[in-house]
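The sequence shown runs -7 to 357 under this note's numbering.
Be a bit skeptical, because a hint or two may be false.
Unchecked claim - Capping the alpha-carbon separation at 30 Å, the derived lysine-lysine pairs in DSS-like fashion look like this:
| id | residue 1 | residue 2 |
| --- | --- | --- |
| 1 | Lys124 | Lys225 |
| 2 | Lys184 | Lys351 |
| 3 | Lys184 | Lys225 |
| 4 | Lys351 | Lys258 |
Everything labelled a hint here was simulated from the structure, so no lab data went into it. For clarity, every value in this text was computed on a predicted model and none was experimentally measured.
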Amino acid sequence: MSATLERRASTPPAPPSTLNTDIVNTQASTSPTTPPKLRTHLEPTDNGSPRVSNETIHLLQRAIEDPSTWLAGPYAILLQLANPRLARGVSLHSNFAKQGHAISRFLRTAVFVVAITHGTPAQRDAAVNVVKKQHSRVRGTWKGNRNRSRKASPSAAASAKEEDHTRIHEYDARDAELQKWTAATLFVSMRKGRAVFNFDGGKVIGLRDRQEMELLMKGFGLFAQVLDMPWEKWFRDLDEFERYFEGEMERLVTCRNGGVDEESEKMGRLMMFELGLPWWLGWVVMPVVRLVMASWLPGALRDAYGLEDPGRSWVLMGCYALFVWVVRVVNWGMPGVVRRLLRGGMVAFMARAVGDVEKNGRWMI
């Protein structure tokens, strides 16, 4: 770990323009009428909560700047929708099928992520507070067995129906477990994209060993922690993360719970086939997205979302291999000046969007 982590609490905080910071929850020390602020620390909190080192922030920034991370974005979304509570919140409080709505949601998520990794403290405050404001309205309940998939076997579905017939299910976007799952899928999708779309499995932008991947995993916890997930809910190491993710995937997609959730199916199919996108996205980009997602998703989710198994067709397998090879070549050969321009454009777009939030109190994209 860098020498920065050894500094004592008396060390003055870094200036706002730097990112050698630890973002912690200060909601308890903020008055009810004042939006919660983020502050920087070079030391762990009193209860020993994990801290984010300079090295971790640097790795996180480089991961976000890598085009392969964004190409894997749909993978994170589809994994998130496998959670029935998250899928129901999206279903009842958004309208993906509306023209342009899906693009706006993607841009808002991108602005939030870039603000956390590249923004000033003021920009992070604005992005976090507008997301919290939105999340405060996304909550509700549903009753009974309406959430069971038609893909489930009759015996599993009957068992689930008997078990959950009168059960009250709740969803709340402020739930720390949902925030944890969302951040975990972001890390998984980043790791998958960098492994697939780089010739050397992600090392092209600096991941040299398991230790750095572990630091990066801890860094992705920031995306949940700034939304008030307690640090102790995040993972201490990669082994703990892997056990959590594998357990969640088994719980969400196996017949122990009667199959993939019906609301998850509906939202996943909507994401893949019914988004209100411009024609050039719907007819050119989305077939490629569906092909890649069908190659990456577990079989149960792939079938639930209505995607064809590429392994059953030599044509689809060849198309997927060709696309991956092209992306690898482009990513490998991309000049440094182009990467810097992309990074500058990404940060500039974030600054404009957050500036609009500060002026209007809501998203304008």
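Structure-based check of all given hints:
Our distance criterion of 30 Å between C-alpha atoms is met by lysine 124 and lysine 225, whose separation comes to about 19 Å. About 37 Å separates the Cα atoms of lysine 184 and lysine 351, which puts this hinted pair outside 30 Å; it is violated. For the hint pairing lysine 184 with lysine 225, the CA-to-CA distance comes to about 23 Å; that is within 30 Å, so the pair holds. With a C-alpha separation of about 36 Å, the suggested pairing of lysine 351 with lysine 258 is violated against the 30 Å cut-off.
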